[in-house]
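2 protein chains.
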Amino acid sequence: MSAGWFRRRFLPGGPLPAPRPPRPRASPVPYRRPRFLRGSGSGPADAPRRPDARPVRSPARGRALPWNAGYAEIINAEKSEFNEDQAACGQLCIGRCAFAAEEDQEWLTLCPEELLTGHYWALFDGHGGPAAAILAANTLHSCLRRQLEAVVEGMVATRPPMHLSGHCVCPSDPHFVEEKGIRAEDLVIGALESAFQECDEVIGRELEASGQVGGCTALVAVSLQGKLYVANAGDSRPLPFFGHLSRAILVRKDEVRPLSSEFTPETERQRIQQLAFVYPELLAGEFTRLEFPRRLKGDDLGQKVLFRDHHMRGWSYKCVEKSDLKYPLIHGQGRQARLLGTLAVSRGLGDHQLRVLDTNIHLKPFLLSVPQVTVLDVDQLELQEEDVVVMATDGLWDVLSNEQVARLVRSFLPGNREDPHRFSELAQMLIHSTQGKDDGPTGEGQVSYDDISVFVIPLHSQGQRSGGR
Amino acid sequence: MSAGWFRRRFLPGGPLPAPRPPRPRASPVPYRRPRFLRGSGSGPADAPRRPDARPVRSPARGRALPWNAGYAEIINAEKSEFNEDQAACGQLCIGRCAFAAEEDQEWLTLCPEELLTGHYWALFDGHGGPAAAILAANTLHSCLRRQLEAVVEGMVATRPPMHLSGHCVCPSDPHFVEEKGIRAEDLVIGALESAFQECDEVIGRELEASGQVGGCTALVAVSLQGKLYVANAGDSRPLPFFGHLSRAILVRKDEVRPLSSEFTPETERQRIQQLAFVYPELLAGEFTRLEFPRRLKGDDLGQKVLFRDHHMRGWSYKCVEKSDLKYPLIHGQGRQARLLGTLAVSRGLGDHQLRVLDTNIHLKPFLLSVPQVTVLDVDQLELQEEDVVVMATDGLWDVLSNEQVARLVRSFLPGNREDPHRFSELAQMLIHSTQGKDDGPTGEGQVSYDDISVFVIPLHSQGQRSGGR
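Chains as they are written, first to last, in the working numbering: chain A, 1 to 469; chain B, 1 to 469.
Just chain A, with the same shape it has in the complex:
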C-alpha cells in the first residue's frame, strides 16, 4: 500500500463517492472444508453445516499431516450458515538457485535447483462470510513460498549478505549487517510480513471481482531451518481483553509458553486513534477518536469525565463538549469491543469493502494485515516425547485456559505412546472437552458454541523426520 494509493482510495479531495455496488465479474469463491478432510467420512466436505449435527471431524486415518500433526474441527451452533474457520497445512518447498559465478549469470536458470524444506500449518477465522478465510487458506502458503524464494539466498548464508548476490560492493558490508544484528530469521519474519500483505491484496481483488465481502484472522506456524515461526494477525483487540482469539501455545512437561504474539491493546488503540488524529476525514464527522469509559450522553455535557487520546497511556479528565457525544472510534470492552461500531478485530486479512452501516466510512484504513511473529528456536530446546504446539481458534480458548489445555495434553499423551494417531485423537479430545459432555476430562462443563479448529503439532525428533534442514 503506497501513501498515494491510500490517499486516492480513502481521502478523495471532494466528498466521498457513493459506495459502488459490487460488480461481480468472477464466480463466487466456492465454499469448502480443508482439503485434508476429504474422505474423513462425515459427509461431503464442501456441504454447508447442518445446525442439528455438530460432529467433530478429523482427517481420515490414512492421511498423515506434516510431522504427523493432529487436526480436528467442529462447526458452530447456528451462528452462521457456513463454518467460519478454515485450515491449511503442507510442506513448503523453497526453490534455491545455486549461485553461478558472475560470468555465467546468463545461464542461471540452468543451474541445478536445491531445496530448502519447511512445513506450514494455518488457521483462519472468518467473519462477514466464509470467502476471505477460504481465499486465505487457498493463497497464503503460495504467497509465503514466493516471498521466501525471493530471499532464500540470504537465509542460507551464515549471515544475510548486504547484497542478495553475495557480492560485496563495499568491503565493510558484512560489518554493517552485523551491526544492525540482522539474522536469517529476520528474513523469514520479513517474508511472513510481506506474504500476509500480498495475500491481503489478493483477497481484496478476488472479493471485489466476485462481488463478495468479508475478512478473517490468520494464525500461521512455519518450521524452517530448526526454528518455528508463529505469525498472528487478528490477535489484538483494540481494548484490554484477554484470551479470546486464535492462539498457539507450546506445551512441555514443566512449561506452558504462549507462542502467538504478545497482546498489545495499547499499541493497537494508540495506532488507531493516531490515524484518526492525522486523518480526521476518515471519521467523516460521525465518530469521536477519544476514548471514554462508556459512551457519553446529553447529561454528561459540561461535566468533567475520564478520557484518553492517542498520545496517552494514562487517563485524564476533560470537560464534555457536544462533539464528544459522537459514537466512539473504539467502543465497548472485551468481546464487545468494536472498531467504528462494526468490527471486533483490528488486525486481519480482507474487509476491503467494509463500511460502517449506512455511511461511506471505511474500516480498512484502520486495519493492519501485518502479523506479529514469534520465533521458537526448536533446536535449542531439549525436546521430550510429549512436547507439542497447540494452535486453535477462539472457540477453544473461550472455554479452556492455556493451563487447562496443557493439563489435558499431559494427561492424554503419556498413556497413548504407541498409538500412531494420538495427536489426532488429542485434537479431537480437546474439542470434546469444550462441549460440556459429562464425561469430558475437565469436568468443568463449560460449553463452546463457536467454530473450533485445532492443530496439535508434535515437536520431538522433527529434525530427523523433516529432512531438508
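It cannot be assumed that every hint is accurate.
Note: identical chains are not told apart, hence a pair may lie in one copy or across any two.
As a list, the in silico DSS-like pairs of lysine-lysine whose alpha-carbon atoms are at most 27 Å apart [unchecked claim]:
(1) LYS227 <-> LYS304
(2) LYS253 <-> LYS227
(3) LYS227 <-> LYS318
(4) LYS253 <-> LYS326
(5) LYS297 <-> LYS318
(6) LYS297 <-> LYS326
(7) LYS297 <-> LYS322
(8) LYS322 <-> LYS304
(9) LYS318 <-> LYS304
(10) LYS322 <-> LYS227
(11) LYS318 <-> LYS253
The hints are simulated quantities; they were obtained by calculation from the structure and are not laboratory data.
This one's a predicted model, so the numbers in the text were calculated from it and none came from an experiment.
Given chain A, put chain B in place with the hints provided.
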C-alpha cells in the same frame, strides 16, 4: 497539538515558506545552575564552565534535598560553552478542594483546602544550547502540579470516578471505570504525559520569543501516594542502541531494576517511518524513509539489498532504485544514529525551530514530547536501609553499567550509615568513578568527558518522613 495545527504548521498547501529569522521579543533565557547548588562554594553557580576546571559539585551541606537525596554534577570537558545538564527537585504540594454537597457548590472556593504532598526530582540533558534544559528545569514541575491539581479529586478516590465531581450520571459508571481497569495511578501517568506536552509548548513559545533554539531530554521521578513514577522522554534512540541516555535504576541488596522506560527502538523507528509514509511531504523529496544497513551509493543501483519499511520488524531485499540513494530518514547506528541526519534523540522537549541544515525540513513532526512512565509500588517493597534509586544523565551510563553502579552503591552505603550526608557523598563518588582516577573504586579507569548529573534517592522510611499520604 491538533491535527489542524500540525497541517498548517508543517504541511502548507503551496511550497514551504522560507525559514523565518528569529525575531527576539524577549531577553534570552539566562544561564544558571540548579538553585539548590547556591552556596555550594565552587564559584558562582551561574558562571559558564571553565574548560580547565571540572570540579564535582554538590549542594551545600546545610541544604537538604527532598528525602535527604544526594546530588552531584560535573561539567563537560570542552564539549560546549555551557553545561548542558540541568536539574530540579522539590516538594509537590497539590491543592485539593474538599467537595461540598450539591446545594453548596457555589461556596466551593470557601471550603478548606487539603493538600496531597509529593516529591519531584528531574534531570534534563540539553542539546543545541542550554536554553531548553533551563526552561524545562524552571517549568516542568509547575506544569505537573497544575495537571495533578486538575485530577486530584479522582486520585484520592478509591477508584477514579467517571465524573470528576463524583456524581453518578449513570448508575453503572463505577462498573465502566472498573471494567477499563482505570486506577489512581493512571491519572498520575496521564498528568505526567500532559505536563510534558504543556512544558514542551511553553519551551516552544519562550524560545521563539527570545530568538533561541535547542532541545533537551527529560527524566523525572515523582513520589505520590506511596508510589514512585519515573517518566522519561529522550530514552529511545531510533535504532538498536543500549544504554547511553539518562536512566534511573532501583538498587537493592539483591536486585538491580531499570526504572526508566523500556527501550523500544522498533516502536520509535516504525512510528517515524510511518509518519513519513503518511506525510511524504515532510521529507521534501530529500530523504528516503526506507532503512538500509548502510547508506546506498551508485554502485548499488539495480542490486538487491537488505531493507525494511515502516510496517516491517523483519528484513527483506529490494532492487535499488535511484530514489533509494537519497539520505535515509534514520541513519547510522548506536551513538551515531541520527534522525534526518541531524538529531540523536526521537523523544524530548524543545527543538521546535530545528531544521535540517540548508533546508526547510522540520525535525519537530518526528519528535515525541510524551514520556514513557514506569510505576514502582514502593509500599509493596520490603524496603531496607540501603535501597536507593539512582538517576543520572548519559555521561555516567556511558562509563558505568547498572551492575557497576549497584556494586558501588552496595560497597559505599553500609559503611557510612551514621553519615547524614552519605547520599550526597555517594552521588559525588559515582561521578569520581567516571573520571579515571587511579584511586577510583572501579579500578577500570574508563573516563567520561560528558556532563554528568546524578541523584541518589533513598527509599527507606520515606512513607513516614514525607507525611502527606
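Evaluated hints:
Taking the closest pair of Cα atoms, LYS227 and LYS304 come within 27 Å of each other only across two copies (25 Å); inside a single copy the shortest separation is 52 Å, beyond that limit. When the C-alpha separation of LYS253 and LYS227 is checked against a cutoff of 27 Å, the pair qualifies only within one copy, where the shortest distance is 20 Å, while the shortest distance between copies is 39 Å. Within a single copy, LYS227 and LYS318 get their C-alpha atoms only as close as 49 Å, which misses the 27 Å cut-off; across copies the closest is 25 Å, which meets it. Taking the closest pair of Cα atoms, LYS253 and LYS326 never come within 27 Å of each other, the shortest separation being 52 Å inside a single copy and 53 Å across copies.
In this assembly of identical chains, LYS297 and LYS318 lie within 27 Å of each other by CA distance solely inside one copy; the values are 14 Å within and 52 Å between copies. Only within a single protomer do LYS297 and LYS326 lie at most 27 Å apart by alpha-carbon distance; the minimum there is 9 Å, versus 52 Å between protomers. Taking CA atoms no more than 27 Å apart as the test, LYS297 paired with LYS322 passes inside one copy only; the shortest distance there is 9 Å, against 55 Å between copies. Taking the shortest alpha-carbon separations for LYS322 and LYS304, only the intra-copy value of 13 Å comes in at or below 27 Å, while the best inter-copy value is 54 Å.
Only within a single protomer do LYS318 and LYS304 lie at most 27 Å apart by alpha-carbon distance; the minimum there is 5 Å, versus 52 Å between protomers. Taking CA atoms no more than 27 Å apart as the test, LYS322 paired with LYS227 passes in neither setting, with 54 Å inside one copy and 36 Å between copies. When the C-alpha separation of LYS318 and LYS253 is checked against a cutoff of 27 Å, the pair qualifies neither within a copy, at 51 Å, nor between copies, at 43 Å.
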